[in-house]
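Student: Given next are the chains, with one letter for each unit.
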Amino acid sequence: MTVAILEAVNIVKRYGKFIAVNGITLSVMPHTVHSVIGPNGAGKTTLFHALTGAVPINEGSITVDGVVVSHLPGYKRVLKGLTRSFQVTSLFPNLSVHENLRLAAQGRNPVQALHLWRSAESLTAAGETVDILLKRLNLSAVATRAAGELSHGQQRRLEVGMAMAGQPKVILLDEPTSGMGIEDIGDMKRLIHDLREEHTVVLIEHNMDIVMDISDTVTVMQLGQVLVEGKPDEIRNDERVRRAYLGSMTDGDSA
Amino acid sequence: MILETQEIHGYYGKSHIIQGISIAVDEGEVITLLGRNGAGKTTTLKTIVGVVPPRQGNIRFMGSNVAGLPPHRIAALGVCLVPEDRGVFKLLSVEENLKMAARKDSPWQLADVYTIFPRLKERRKNSGAQLSGGEQQMLAIGRALTTHPKVLLLDEPVEGLAPVIVNEIVAQLKRIKAAGMPIILVEQNLQVCTQLADRHYIIEQGRIVYEATNAQFLADNSVKDRYLGVNAAGAIYSQSNARQC
Amino acid sequence: MNLLTHYRYTLLAIATVLLLPVMLSSGSLATEVLIFALASLGCNLLLGYTGLMSFGQGIFLGLGSYTAGLSLLHMRVPLLVALLAAMVVGAVAAAAVGWLSIRRRGIYFALLTLALGQMFYFLAYTLKDITGGDNGLLNIPRPQLSVFNTTLLPTATQWQYYGFVALVFVVAFTLIQRVADSVLGRTLLAIRDNETRAAAIGYNVKLFKLIAFTISGAITGLAGALYAILIGVAPLSSIEYQASESILIMTVIGGTGNLFASVLGAGLYVLAGDWLSTLWPRWLMLLGILLIVVSLYMQKGLWGLGAQLIDRLKPRRAPRDPSAVKRKQNP
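Residue numbers (the working numbering), protein chains in the order written: chain H, 3 to 257; chain Y, 1229 to 1473; chain G, 5 to 335.
Chain H extracted, bound-state conformation (with noise of 0.2 angstroms):
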């Protein structure tokens, strides 16, 4: 049996008297596209604040390829495998596409920026990274240009290109096709779909055609704790997920 790549156990986030995560175990198998949905209020934003560093946990603890990293910073997490996208566009919108990779890439190392004395080009290993991933992305063309005047789509695929660039075990994607057109999904659904063979997914989104379709097992959270995890198909058809998100409509209980 292979081990969990990331291991979130027992987290708990109280803002306050509320709850936003009552106890969350979750258990990331590694080369897999593992979805988190929910219906309104989850706690599935929580969750990934959590597993990102920009919140603190009230208990619990979070594990990287073994690894603790509960009570890391955001950057430091990097440097364990954790990678993140964000579902508002975070790119370095006055430097170039070229830019944003080599400086994702050379976060992985970040020692190596403190240099106040050799070139970015003369760090070598970052370049070639960011001349595959370019490719892979399919922003050769545009890898001169200023990220901020790439169209929605070569964005939202160069968002994940950062969390690519710093060669993570599990990268955490944040709605990654957020205001996409139809046209742009296409690619990015492929391009979430081939990242299992050298990278760890979780993956937070709306659109239910790609949660059940590129994933391999989906965690459905209601209220903070976990509903019911398993494949798309369990999933699809179960009851109890049925009631989480219609259920509150038909017998009017409030969420």
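For the record, the hints were derived by calculation from the structure and aren't laboratory data.
Given the structure is predicted, the values throughout are model-derived calculations rather than measurements.
A few of these clues could be false.
[Unchecked claim] The following label-pair restraints were derived from C-beta to C-beta distances:
{"id": "1", "chain 1": "Y", "residue 1": "Pro-1281", "chain 2": "G", "residue 2": "Gln-303", "range": "20 to 28 angstroms"}
{"id": "2", "chain 1": "G", "residue 1": "Ile-296", "chain 2": "H", "residue 2": "Gln-227", "range": "51 to 59 angstroms"}
{"id": "3", "chain 1": "Y", "residue 1": "Arg-1331", "chain 2": "H", "residue 2": "Ser-63", "range": "56 to 64 angstroms"}
{"id": "4", "chain 1": "H", "residue 1": "Lys-137", "chain 2": "Y", "residue 2": "Arg-1283", "range": "28 to 36 angstroms"}
{"id": "5", "chain 1": "Y", "residue 1": "Ala-1304", "chain 2": "H", "residue 2": "Ile-184", "range": "30 to 38 angstroms"}
{"id": "6", "chain 1": "H", "residue 1": "Val-5", "chain 2": "G", "residue 2": "Ala-99", "range": "42 to 50 angstroms"}
{"id": "7", "chain 1": "G", "residue 1": "Trp-103", "chain 2": "H", "residue 2": "Lys-19", "range": "33 to 41 angstroms"}
Backbone N, C-alpha and C define an ideal beta-carbon position, used for all residues, glycine too.
Chains Y and G: place on chain H using the hints.
Tutor: For chains Y and G alone, kept in the frame of chain H given last:
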């Protein structure tokens, strides 16, 4: 039709959230915008009132096109949004909140709001911050009524409220509807929706994928699963699924 | 990239240094231009490269002046040692100020630097025995540049001192430009563009900001030292709020994101001040108007304006890709 959107597109920066939405609401009608999280329901409302400026398409309100007008002008014309966070002014008292944008020609004056929501009368000297969720919602709706609205846009009015309060608010919304007020309702609570609405629209990934009368919606079991649950079956890719009227 | 293009800014700096004696009759004024150009460089490293608007640069300018003054007056150190001491004190002070201020961002960061600036001012005012209080440190000697008792460069006359400062300036500019072009400099630019993103890809943003601060403090301290040696006094005004403000204004007017722009800004400020102040005591108002115009319409400063003009004069290039979105202004 009092309010009609024609293929409107809304963006947050470059993010193309609303990808061509056409809905309409008539006098005394309640229509709902349903859909999962992230589908674009709230953004549709924001695009109508101009908070998110529509980049394409028209918004016809009482015969003229209001797309592109600044939000305060659209609000002044009578398109009134009650946002999801209610927007109660926490530093002001209940009465100050209600009087703030009140118009003399509104069919609902301060006294009428207190009649509809007696609880607000009891708490009229309390500051907005001291109200419970339900009271804030009542205040937000009451305040909207004093501005002489011609169409109400309600974003999740009963979210997070206890069933008793939900019923109270739904009862009052029925009365407001009976008075002839067109309402566009974004709401996840299907029971509330089916009690109030004449027609339903379902939004997915920024487009309308379903439109039906209340009766048709109640009769159709699979549509709820497909668009509101997790049983997506390549729905957004096939155009034939759209617009089952 | 051929050598000429690579070192184009250094060449501009050298050109400036050669041009000033031709343009100006006062060696002291020319020296002042270079000194404040250095101070502005230090400020630009923080503002244009890291995105930090510090209202406390006067702290390091003043400390540089005091350090040079004290070491030359009381310890009779050689010229270069005095400069070095000033740089070290500037760096250490900046590290301390930075460490406290970096904990906050945006306007709170700016206010912290402002408050600390005021604190240092009052310290300087109160510790009269060390700093000379209101009067400042007087009679600061100006030693020749010498090594083991052999004079390398005389500094007695105005223009001789200018020659020395010009040398220091060119060396400093080259080094700072190198830092700006290095991996570190590029990382600072990224932090300025999107701090959250920088952290999300693995950079310890606070550490980088601290490093930028330290380097800035060293450069500004150097400027302060050169200033004290120029006028023979380490005045209280160097550490006063107005000094911080002037440095910031020079940097903004010159233009951020390009080091040579700081030389332009400092040049304008010092020369305009000298020339206009005899014509009209309220000349600062013109500077204020210029600052407003730059903030509203010319966010790339004078350098940006110059670059735009040159662009217009160049022959038309092939039309750009029609699908490209208009490039955002670099503030």
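Student: Does each hint hold? Answer for all of them.
Tutor: Structure-based check of each hint:
1. Separated by about 24 angstroms at the C-beta atoms, Pro-1281 of chain Y and Gln-303 of chain G satisfy the suggested range of 20 to 28 angstroms.
2. Restraint check, Ile-296 of chain G to Gln-227 of chain H: a C-beta distance of roughly 56 angstroms satisfies the suggested window 51 to 59 angstroms.
3. Here the CB-CB span from Arg-1331 of chain Y to Ser-63 of chain H is close to 57 angstroms, well matched to the stated 56 to 64 angstroms.
4. For Lys-137 of chain H and Arg-1283 of chain Y, the hinted distance range of 28 to 36 angstroms is satisfied, since their beta carbons lie about 33 angstroms from each other.
5. A hinted range of 30 to 38 angstroms holds for the C-beta pair Ala-1304 of chain Y and Ile-184 of chain H, which are about 37 angstroms apart.
6. Separated by about 44 angstroms at the C-beta atoms, Val-5 of chain H and Ala-99 of chain G satisfy the suggested range of 42 to 50 angstroms.
7. For the hinted restraint 33 to 41 angstroms between Trp-103 of chain G and Lys-19 of chain H, the CB-CB distance of approximately 36 angstroms keeps it satisfied.
The structure fails none of the hints (numbered hints given earlier).
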